[in-house]
Structure formats: C-alpha cells, structure tokens
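Asker: If you want the numbering used here, it's the position in the sequence shown, counting the first as 1, plus 6.
Hint data in this document are derived by calculation from the structure and do not stem from the laboratory. This one's a predicted model, so the numbers in the text were calculated from it and none came from an experiment. It is possible that part of the hints are untrue.
To be verified - In silico lysine-lysine, BS3-like type, Cα no more than 30 Å apart, as pairs:
| hint | residue 1 | residue 2 |
| --- | --- | --- |
| 1 | 161 | 74 |
| 2 | 253 | 161 |
| 3 | 74 | 253 |
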Amino acid sequence: MTAVKRKGRNPFLKWAGDTGWRHAVALAALVFGLVPIVYVVSAAFNPNGTLSSTDLLPTSFSLGNFEKLFTDENVPFASWFANSLIIAVPAAFISIFISSLAAYAFSRFRFQGRRPMLLFLLLIQMFPAFLAVVALYLIFGSIGEFYPVAGLNTKLGLMLVYMGGALGVSTWLMKGFFDTIPKELDEAATIDGASHAQIFFGMILPLAAPIIAISGILAFVGTMNDFILASLFLTDRPEMTLAVGLKTLTAENSPASYFGIFAAGTLLTSILTVAVFMSLQRYIVSGLTGGAVKG
Numbered sequence: 007m008t009a010v011k012r013k014g015r016n017p018f019l020k021w022a023g024d025t026g027w028r029h030a031v032a033l034a035a036l037v038f039g040l041v042p043i044v045y046v047v048s049a050a051f052n053p054n055g056t057l058s059s060t061d062l063l064p065t066s067f068s069l070g071n072f073e074k075l076f077t078d079e080n081v082p083f084a085s086w087f088a089n090s091l092i093i094a095v096p097a098a099f100i101s102i103f104i105s106s107l108a109a110y111a112f113s114r115f116r117f118q119g120r121r122p123m124l125l126f127l128l129l130i131q132m133f134p135a136f137l138a139v140v141a142l143y144l145i146f147g148s149i150g151e152f153y154p155v156a157g158l159n160t161k162l163g164l165m166l167v168y169m170g171g172a173l174g175v176s177t178w179l180m181k182g183f184f185d186t187i188p189k190e191l192d193e194a195a196t197i198d199g200a201s202h203a204q205i206f207f208g209m210i211l212p213l214a215a216p217i218i219a220i221s222g223i224l225a226f227v228g229t230m231n232d233f234i235l236a237s238l239f240l241t242d243r244p245e246m247t248l249a250v251g252l253k254t255l256t257a258e259n260s261p262a263s264y265f266g267i268f269a270a271g272t273l274l275t276s277i278l279t280v281a282v283f284m285s286l287q288r289y290i291v292s293g294l295t296g297g298a299v300k301g
C-alpha cells in the first residue's frame with residue numbers, strides 16, 4: 007500500500023486561522039482606544055494651542071498650554087477643579103455610607119416590602135439620569151425659593167442629586183456582596199453580646215472593603231465626569247465643575263485659540279481618575295464579582 011503524502015497547510019494561514027485573528031482584533035481595539043488619547047496629548051503639548059495646527063504625532067513640544075491653564079484669567083481651572091472635588095468627594099462618601107446601611111438591612115433582615123423595594127432599585131437603574139432633568143429642574147427651582155443654599159446654581163443642590171443617583175446601584179451591588187458574607191459570623195457576634203451597629207461597623211464593613219471601594223470609584227468618577235446635570239445646575243462660570251468649565255473653552259470662546267488649553271485640562275483631569283483606579287485596583291475584580299452575586 008502506497009502512502010500518499012498530503013501537502014502541509016501553509017503555516018501563516020494556520021497561524022491566522024488559529025490565533026492571528028485574535029491579535030488583529032486586539033490591535034484594532036488598541037488603536038481605537040489609543041488614538042484619541044495620543045491626539046489629546048499632542049494637542050496639550052502643542053505650542054500653537056489651536057485645533058488646526060494639532061497633529062496626531064506632535065512635531066514640537068511646549069508647556070505653554072499648562073501654564074495658561076493656571077494663569078489665564080478667562081480659565082479658572084483651579085476653581086473648577088476645586089468645585090468638582092467639593093461636590094464629588096462628599097457626594098460619593100455619603101452615598102456609599104447610606105447605601106451600605108441600606109444594603110446591610112436588605113441582606114440581613116426580612117421585613118414586609120423587602121422584595122418590592124429591591125425590584126424597585128433594580129428598575130430605576132434601567133432609566134438614564136437625564137430623563138429626570140426637567141423634574142429635577144422644577145423641584146430644585148422650588149426648593150431654592152425657600153432654601154436658596156440648596157436650590158439651582160448651588161453646589162449643595164447638585165451634591166444632593168448625585169447622592170440620590172448613586173444610591174440605587176451602590177445599594178444593589180453591596181447587598182449582593184453582603185449576601186456572600188456568612189451569617190454565622192453575625193450569629194457568633196450576637197452570642198458574644200455585640201449589637202447590630204457593632205457587627206456592621208466592626209465586622210461587616212472591613213470584610214466588605216472591596217465592594218465599598220468599587221462603589222466609591224463608580225460614584226466618584228461618575229460625578230467627576232457628569233456634564234448634563236452639572237450644566238443644568240451650575241451656570242455661573244466660577245462655580246462650574248471641570249466637565250462644564252472645560253466645555254466652555256470650546257463653546258463660548260474661539261475653539262482655535264483655546265483647544266490646546268482644553269486638551270491640557272482634560273489631560274490633568276484624567277490623571278486624577280487614573281490615580282484613583284490605580285490605588286484601588288486590587289479591589290475592583292473582587293468587588294464587582296462579589297457584588298454581582300444574586301441574593
């Protein structure tokens with residue numbers, strides 16, 4: 007019997023069919039994600055500071071845009087940055103604290119209306135926040151007539167809106183994570199004479215650090231990046247947040263002369279967000295997977 011030697015498959019075609027297409031998809035995603043970042047970096051260090059003179063790869067280097075960002079009287083970047091932190095940090099902290107209390111109650115106690123409340127929390131997350139813009143404008147416009155400190159064009163009013171918006175998703179995520187913590191720990195602490203408050207603050211919260219971290223990141227970053235609600239509530243230029251203030255550089259002024267400053271501002275703003283993610287990255291995976299458990 008004569009053995010017929012079969013012609014071998016082309017190695018390149020074999021590689022392309024097995025793993026090559028995966029490399030191509032990864033490379034396309036990498037280019038798609040990096041091109042805007044590279045363009046913004048190029049514009050931030052462009053000495054001309056104009057949109058028309060900005061190229062994808064920088065041909066010259068200057069820190070003039072960053073200097074103007076802090077010295078130009080028409081660009082109160084420091085005030086915008088401070089306003090964003092003044093609003094985002096307390097809003098994230100208070101919303102996470104309230105959400106943790108609610109999640110603990112939903113996870114550990116059984117009471118009438120518990121399931122409908124959980125379903126309601128899940129339902130309201132399906133609707134984007136901008137659908138409530140008109141209602142929020144009317145509500146806080148009325149509040150401002152009696153309590154001006156919490157009405158429209160105030161940091162406190164915007165802070166209250168952000169706090170309410172973060173409660174739903176944070177409570178749901180934390181409740182799922184709390185369900186993964188064995189209830190036997192609570193029972194053992196109760197036998198030793200611990201109260202619910204002692205169990206919550208001394209035992210549950212330390213164990214729930216991953217989900218608290220990821221919920222805090224989501225609340226903080228979402229507040230820092232929000233534009234729609236911030237543009238509705240804050241109209242005075244010195245009181246604006248970073249997102250709204252930087253947008254005015256290309257809306258009210260000449261886009262050509264302020265584009266470099268706009269790019270420099272967005273680059274500095276992104277550094278804060280990246281720093282928050284990097285400092286809490288060890289909690290992200292465990293927090294998301296633990297919070298996704300169905301209770």
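Asker: For the pair supplied as a hint, residue 253 and residue 161, is the alpha-carbon distance within the 30 Å limit?
Answerer: Holds, because 18 Å separates the two Cα atoms, which is no more than 30 Å.
Asker: Please work out if residue 74 and residue 253 have their alpha carbons no farther apart than 30 Å.
Answerer: holds (16 Å)
Asker: What's the verdict on residue 161 and residue 74, does the C-alpha distance respect the 30 Å limit or exceed it?
Answerer: holds (26 Å)
The structure shown violates none of the earlier numbered hints.
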